[in-house]
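Colleague: Next come the chains, spelled out residue by residue.
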Amino acid sequence: MPPFTVTEANPLRDAADRRLPRIAGPSGLVIFGVTGDLSRKKLMPAVYDLANRGLLPPGFSLVGFARREWAHEDFAQEVHDAVKEHARTPFREEVWHQLIQGMRFVQGTFDDDDAFERLRGTIEELDKAQGTGGNFAFYLSVPPRSFPVVIQQLKKHGLADQTGGSWRRAVIEKPFGHDLNSAEQLNKVVHEVFAPDQVFRIDHYLGKETVQNILALRFANTMFEPIWNRSFVDHVQITMAEDIGIGGRAGYYDGIGAARDVIQNHLLQLMALTAMEEPASFDADALAAEKTKVLGAVRLPKDLGRDTVFAQYAAGWQGGEKAVGYLQEEGTDPRSKTDTYAAIKLGIDNRRWAGVPFYLRTGKRLGRRVTEIAVVFQRAPHSPFDTTATEELGQNAIVIRVQPDEGVTVRFGSKVPGTSMEIRDVSMDFAYGESFTESSPEAYERLILDVLLGDSNLFPRTEEVELSWKILDPIEEYWDQHGRPAQYPSGTWGPVEADEMLKRDGRSWRRP
Amino acid sequence: MKIDLTDTTASKVNKALVQGRRAIGTPAVGMVLTLVIVTDEENAYDALRAANDASHEHPSRTLVVIKRVSRSPRDRTQSRLDAEVRVGADAGSGETVVLRLYGEVSDHAQSVVLPLLLPDAPVVVWWPVNAPLDPANDPLGALAQRRVTDTYASEQPVRELSARADTYTPGDTDLSWTRITPWRSMLAAALDQVVCEVKAVEVEGEEFNPSCELLAMWLADRLDVPVKRSLSSGPGLTAVRMDTDCGPIVLDRADGSLATLSIQGQPDRAVALKRRETAELIAEELRRLDPDDTYASVLRFGVERLNSVPASAVRGAEAAEAAVAKAVQAVALAEAAVAKAEVPPAKGASPAKGEAAETPGEADAQEAAAQEPMKKAAANS
Numbered sequence: 001m002p003p004f005t006v007t008e009a010n011p012l013r014d015a016a017d018r019r020l021p022r023i024a025g026p027s028g029l030v031i032f033g034v035t036g037d038l039s040r041k042k043l044m045p046a047v048y049d050l051a052n053r054g055l056l057p058p059g060f061s062l063v064g065f066a067r068r069e070w071a072h073e074d075f076a077q078e079v080h081d082a083v084k085e086h087a088r089t090p091f092r093e094e095v096w097h098q099l100i101q102g103m104r105f106v107q108g109t110f111d112d113d114d115a116f117e118r119l120r121g122t123i124e125e126l127d128k129a130q131g132t133g134g135n136f137a138f139y140l141s142v143p144p145r146s147f148p149v150v151i152q153q154l155k156k157h158g159l160a161d162q163t164g165g166s167w168r169r170a171v172i173e174k175p176f177g178h179d180l181n182s183a184e185q186l187n188k189v190v191h192e193v194f195a196p197d198q199v200f201r202i203d204h205y206l207g208k209e210t211v212q213n214i215l216a217l218r219f220a221n222t223m224f225e226p227i228w229n230r231s232f233v234d235h236v237q238i239t240m241a242e243d244i245g246i247g248g249r250a251g252y253y254d255g256i257g258a259a260r261d262v263i264q265n266h267l268l269q270l271m272a273l274t275a276m277e278e279p280a281s282f283d284a285d286a287l288a289a290e291k292t293k294v295l296g297a298v299r300l301p302k303d304l305g306r307d308t309v310f311a312q313y314a315a316g317w318q319g320g321e322k323a324v325g326y327l328q329e330e331g332t333d334p335r336s337k338t339d340t341y342a343a344i345k346l347g348i349d350n351r352r353w354a355g356v357p358f359y360l361r362t363g364k365r366l367g368r369r370v371t372e373i374a375v376v377f378q379r380a381p382h383s384p385f386d387t388t389a390t391e392e393l394g395q396n397a398i399v400i401r402v403q404p405d406e407g408v409t410v411r412f413g414s415k416v417p418g419t420s421m422e423i424r425d426v427s428m429d430f431a432y433g434e435s436f437t438e439s440s441p442e443a444y445e446r447l448i449l450d451v452l453l454g455d456s457n458l459f460p461r462t463e464e465v466e467l468s469w470k471i472l473d474p475i476e477e478y479w480d481q482h483g484r485p486a487q488y489p490s491g492t493w494g495p496v497e498a499d500e501m502l503k504r505d506g507r508s509w510r511r512p
Numbered sequence: 513m514k515i516d517l518t519d520t521t522a523s524k525v526n527k528a529l530v531q532g533r534r535a536i537g538t539p540a541v542g543m544v545l546t547l548v549i550v551t552d553e554e555n556a557y558d559a560l561r562a563a564n565d566a567s568h569e570h571p572s573r574t575l576v577v578i579k580r581v582s583r584s585p586r587d588r589t590q591s592r593l594d595a596e597v598r599v600g601a602d603a604g605s606g607e608t609v610v611l612r613l614y615g616e617v618s619d620h621a622q623s624v625v626l627p628l629l630l631p632d633a634p635v636v637v638w639w640p641v642n643a644p645l646d647p648a649n650d651p652l653g654a655l656a657q658r659r660v661t662d663t664y665a666s667e668q669p670v671r672e673l674s675a676r677a678d679t680y681t682p683g684d685t686d687l688s689w690t691r692i693t694p695w696r697s698m699l700a701a702a703l704d705q706v707v708c709e710v711k712a713v714e715v716e717g718e719e720f721n722p723s724c725e726l727l728a729m730w731l732a733d734r735l736d737v738p739v740k741r742s743l744s745s746g747p748g749l750t751a752v753r754m755d756t757d758c759g760p761i762v763l764d765r766a767d768g769s770l771a772t773l774s775i776q777g778q779p780d781r782a783v784a785l786k787r788r789e790t791a792e793l794i795a796e797e798l799r800r801l802d803p804d805d806t807y808a809s810v811l812r813f814g815v816e817r818l819n820s821v822p823a824s825a826v827r828g829a830e831a832a833e834a835a836v837a838k839a840v841q842a843v844a845l846a847e848a849a850v851a852k853a854e855v856p857p858a859k860g861a862s863p864a865k866g867e868a869a870e871t872p873g874e875a876d877a878q879e880a881a882a883q884e885p886m887k888k889a890a891a892n893s
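If you read the sequences in order, they're chains A and B. Residue numbers for the first sequence follow our numbering, beginning at 1 and rising by one. Residue numbers for the second sequence follow our numbering, beginning at 513 and rising by one.
Same shape as in the complex, but just chain A:
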């Protein structure tokens, strides 16, 4: 974790006193699009959980901004319901009492100047009534097309101005554009108003304990890093599978697709963390430097038609329920070429990884919901056992299970008890649920706290976002011009084309 931010002047703070938690300084959070799903299911509960764990400053304020005609009390009621339903920690009256004093609601649309004036008034009032000290984070939980409007409004009404040591931060959610061009444009819009170090891009995967643990696993131990290179690793598979379809989000999803939605941010970030060199320290700059380096070294396959696959789910049965195909979903263009499944093969041009393929795949309506990183090792160069003994032995692997059932699995061969020599794969398991708390903090809790503290370790930077688009853009372009997406029945592990893609390399996908 980053060095504890010690206020030098405060004699009660001491780095050696590790019981004292990292508490955010006086501050408030403004959520745009507060009536949305994300806000109700993740943000509000996360704020409550933080308060319940005593990590929010006294006087912390939460301002909701949305079109709905709500009074402050209606908003508080909405938060109350959301917290009761979705919060991780038990509901406690006194914590709620502390929170509710700083809750405000501002009604308005994004182009409504009066509403933003009211928002400014509310913030000034909170500074007086709650002592938030002018420190506010603006969480833009809004559709991408509204980004520029909201950002411009914040500028126009002086809401982004940092005065007298106070801070104003912008928190934005994916998608960060839909290609390099639009990403650069978005960055320009945002950075025109907020300084780069005050912009926090949420990639909620990076807030997950298991993802942070990749770094601990690799760099705090001695037994993994020596074999974490081309001499021992055969290939790496990074999978993020969902069992659901697009639901009612056709409007958002059509034209975006799985690769832009998932590979560009989550999977490339996971790959960067898996493949990067050891950072000089665990601070944001050093981490970003290493991640940027490895993303910059990514090499695309020569033949994109051979080493990438895009596909759509067709009708089928998913976990005992009948599912319609993507093209039959309501609101989807029947001739749509949008990918709901994408698999790509990438190489990394550096001494550690030259020649080791990284297979990235993601899809909707697959077998089950799972995200994992599998580092698959080469076979032993020589086996003293005869082939019948090792017939059932696969390749050794270290699998980092990101979600669900967070943990790490190590797969290796072991003798089957009995008189003959027979070796079979077994797995050794570390499960978070077993060794640590059943209540590890939610990703959003960690990320919101980091925003308030100003810690940018777990947030991708502009360069990383732009590099990711540089990797994905040629692939999207190729797909756009060549052929139609393959089809796979809902509830399976993807199209046969993807299996063939690995077969050509003499490998196969893991069943996660």
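Among these hints, one or two may not hold up.
Over 12 Å on every C-beta distance to chain A, these chain B residues come out as not near it, computed from the model [to be verified]: (1) 527; (2) 535; (3) 554; (4) 588; (5) 685; (6) 746; (7) 765; (8) 771; (9) 796.
Listed below are the simulated DSSO-like cross-link pairs for lysine-lysine, each with C-alpha atoms no more than 27 Å apart in a straight line [to be verified]: (10) A:337 with A:174; (11) B:524 with B:579; (12) B:786 with A:84; (13) A:84 with A:41; (14) A:188 with A:470; (15) A:415 with B:579.
The hints are simulated quantities; they were obtained by calculation from the structure and are not laboratory data. Glycine included, each C-beta is placed from N, C-alpha and C at the ideal position.
Since the structure of chain A is provided, determine the placement of chain B on it from the hints.
Modeller: Quick look at chain B alone, frame taken from chain A:
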């Protein structure tokens, strides 16, 4: 699942543990530590329940060592070990063994516990009551990296604090110290919000609650200012008042759950400061197993130095003189505050604020003068 063993040995208990695990189908479990609870029959139930709750955060093997009282000379010569092995849903997330020691073996509890410790995992010993005077040199305490006592549960808490200070060994810790983490964190957060120098502190709480002394010592140790411990009817800690050069900062909790933080020049704020359950305290205690240097430094500060003027000030002077000095200091403080208020309104200070700053300063001076004789009387008694 539960397995009862009568007149048994540690190796039979170990066998029962393996058997229990096989039966419920989890041969390997990711337990991270062994928690040894040393207690009497009366407190065993509550302690075990708290440990089981805490085990959801820290899966552990919990060994409850209950020393049974022998009531006749015959009982004392006979020795017997009974064990109750619980695995699966009956044991939180982990395994629990309740060990009942009768007769002579109760003086050799470590011989029973040692074979039952998890390999290569840290050991924590917790005495909910009747902690030994020197935990680190207790035969059971010697097995552990971390020794948890609870001075709150003792007859003379304040005297026991001094004893803890005398025998402190890295790895010792006390639940009375754990109890005040939220207070400490809130006070630190309060000082984050202002740039003021603290002049004096008052910690108010119920009698016979060593948490109040520990908090007072922590403040005195960190701030190097006089700290006064005063009594209230509770529950627990009720208030901390810090006198600073920019007005008082008060954290006041009258009802044991919701507190009010008032800082001069800022609005009052409600903060949740609920008194916590034992399970939460144990869970916090198990989160870090390295020596708590802050606790050590607080203990070493010494209870007897509370309520006195710090070394840097007029030590050994007449009490009256000290009172005068304090009053003068307070007046100076008030003047400084006024001066500050009169400085061009960089921060929008109004004349009203200047007046407000003056009042507490004066009140402080009077209070200081009024308290001095009392303190003298207390010293004489």
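Colleague: Take the hints in turn and mark each one as holding or not.
Modeller: Results of checking the hints against the structure:
No Cβ of chain A comes within 12 Å of the Cβ of residue 527 of chain B; the nearest lies about 21 Å off, and the non-interface call holds. For residue 535 of chain B, the requirement that its beta carbon stay farther than 12 Å from each beta carbon of chain A is met, with the minimum near 18 Å. Look at residue 554 of chain B: its CB is around 29 Å from the nearest CB on chain A, clear of 12 Å, so calling it non-interface holds up. At roughly 43 Å from the closest C-beta of chain A, the C-beta of residue 588 of chain B stays outside 12 Å, upholding its exclusion from the interface.
Distance check for residue 685 of chain B against chain A: the nearest CB is about 10 Å away, which does not clear 12 Å, and the non-interface claim fails. Against chain A, the non-interface label of residue 746 of chain B holds: every CB pair exceeds 12 Å, the least being about 17 Å. Look at residue 765 of chain B: its CB is around 10 Å from the nearest CB on chain A, not clear of 12 Å, so calling it non-interface is violated. Not every C-beta of chain A lies more than 12 Å from that of residue 771 of chain B, the closest at about 9 Å, which undercuts listing it as non-interface.
A beta-carbon of chain A is positioned within 12 Å of the beta-carbon of residue 796 of chain B; the least distance is around 7 Å. Of the pairs offered as hints, the one joining residue 337 of chain A and residue 174 of chain A holds, with about 22 Å between alpha carbons and a cut-off of 27 Å not exceeded. For the hint pairing residue 524 of chain B with residue 579 of chain B, the CA-to-CA distance comes to about 19 Å; that is within 27 Å, so the pair holds. The suggested pairing of residue 786 of chain B with residue 84 of chain A holds, with an alpha-carbon distance near 19 Å, which does not exceed 27 Å.
For the proposed pair residue 84 of chain A and residue 41 of chain A, the alpha carbon gap of about 10 Å is at most 27 Å, so the pair holds. For the proposed pair residue 188 of chain A and residue 470 of chain A, the alpha carbon gap of about 17 Å is at most 27 Å, so the pair holds. Of the supplied pair hints, the one linking residue 415 of chain A and residue 579 of chain B is violated, its CA atoms being roughly 46 Å apart against a limit of 27 Å.
Hints 5, 7, 8, 9 and 15, counting from the list given before, are not met by this structure.
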